[in-house]
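Novice: Chains A and B supply the protein sequences, listed in that same order. Going by the numbering used here, the residue at position 146 of the first sequence is 175; the numbering climbs one at a time, nothing skipped. Going by the numbering used here, the residue at position 106 of the second sequence is 135; the numbering climbs one at a time, nothing skipped.
Quick caveat, the hints were computed from the structure, so don't treat them as lab data. For glycine and all other residues, C-beta sits at the position ideal for the given N, C-alpha and C. Check each hint, because a few of them may be wrong.
Okay, the calculated bits of chain B under chain A, using three or more residues with CB under 8 Å as the criterion [to be verified]:
1. 73-80
2. 88-99
3. 201-207
Here are the simulated DSBU-like pairs of lysine-lysine, each with C-alpha atoms no more than 30 Å apart in a straight line [unchecked claim]:
4. K76/B - K37/B
5. K207/B - K98/B
6. K207/B - K162/B
7. K116/B - K162/B
8. K37/B - K31/A
9. K190/B - K31/A
10. K116/B - K31/A
11. K200/B - K116/B
12. K31/A - K76/B
Residues from chain A shown here face chain B by an in silico Cβ test under 8 Å; the list is partial [claimed, not checked]:
13. E85
14. L133
15. I135
16. F137
17. I138
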Amino acid sequence: MKCRNAERAIYLYPELNDRERTVLDNHLAGCASCRAVFDRVQRERNLIFSSLRVREVPDNESDLTDRIMNGVMLDRRTVTTTRHAWPGLIPSLRWSMAVVSVVLVIMFIAEQRVGITQTAEVSVTELDTYAPRLNSTLFLKSLTTAGSEVAVNGPSLKDCIINCTDPSDPACLDCLTYMKKLN
Amino acid sequence: MTAETDRKLIDRALQGNALSFRHLVERHQSFVYSLAFRLVGNRDDAKDITQEAFIRLWRNLNRYNPDNKLTTWLYRIVTNLSLDMLKSARNKYSIRNPEAHDDVPVRHTADQYLIETELRTVVSMMASLLTPKQKAVFVLRDLEELTVDEVSEILSMSPGKIKSNLFLARKRMSELIKSYYEIKKPVTDEVQKR
Chain A
30 MKCRNAERAI YLYPELNDRE RTVLDNHLAG CASCRAVFDR VQRERNLIFS
80 SLRVREVPDN ESDLTDRIMN GVMLDRRTVT TTRHAWPGLI PSLRWSMAVV
130 SVVLVIMFIA EQRVGITQTA EVSVTELDTY APRLNSTLFL KSLTTAGSEV
180 AVNGPSLKDC IINCTDPSDP ACLDCLTYMK KLN
Chain B
30 MTAETDRKLI DRALQGNALS FRHLVERHQS FVYSLAFRLV GNRDDAKDIT
80 QEAFIRLWRN LNRYNPDNKL TTWLYRIVTN LSLDMLKSAR NKYSIRNPEA
130 HDDVPVRHTA DQYLIETELR TVVSMMASLL TPKQKAVFVL RDLEELTVDE
180 VSEILSMSPG KIKSNLFLAR KRMSELIKSY YEIKKPVTDE VQKR
């Protein structure tokens, strides 16, 4: 064995097998410098072990146990919630969303029916009577789109049309402009 | 009354018996804490690691293999948690300033107490200068006195790599102790003379 190979073996002396140990021992017997290194390393090893052999203990074991168990219980609840509550919650959520969807559809249909009723309140005949200059189809469309109580510069659309007997009247012009916009 | 085996306590804990798990905690927490302290060198961090280790144990209790010792499993959990902490905060934690040990079981004289306390602090500080892997190998092999095969299993490293890290760790410690004594020897001699 050469000195440069001996260094690793010296530091790993406790891990050497019998054959490796014999080889090193033979080298140390004939090499004073490696022997000195070996002795120093053994002394340091003892020093380290004696310095750090004492096991640190928790200052308050009971508190530490409580802290650990609190953490475990908290984790258990979290895991339970994650693993079990969600699969239970998802079907409920699905049913709730289905109910909400049905309600929305019903509300939409109801709204449509109300719109038709309101449109029907101002019949084509009435329209022709009150505002012969306006296209009745256009008016119906505006009501369906904007609702029956759309304000045009103050008065409602219906009032606007009813009062619009003179096309040169500024109020009537506003009404016509609005109708054009809707178109 | 005969103490229940870890296996029995685990079986009961698996059935939802928290008290059985508490008994397991009480039985092993000191060992877990002291191992964590040796690895991270800081009491607060050691407590955090101890708590996290038992939470992980609780979560994975159903994967416990009764053929293995519970302590082996705990060694693995604590070492991995400590390594993560050392790697993620190498400059922040106790690397530069490890806490001194309080307990001194053998006190001959006040001077000896001083020397022992100082040595303990100094050696702890030196150990904190090792890389996380070297420190883990050093603590498990030289302080916990586990076999190379056990360390290899805990760290999931080959025995060859364990030995390489062990060699580097011991050599580094040796160099640090040597330089410390070169500076400190006159002072130590003076304390011993008094």
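Novice: Of all the hints numbered above, which does this structure not satisfy? Sort the numbers upward.
Specialist: 2, 5, 8, 10, 12, 14, 15, 16 and 17
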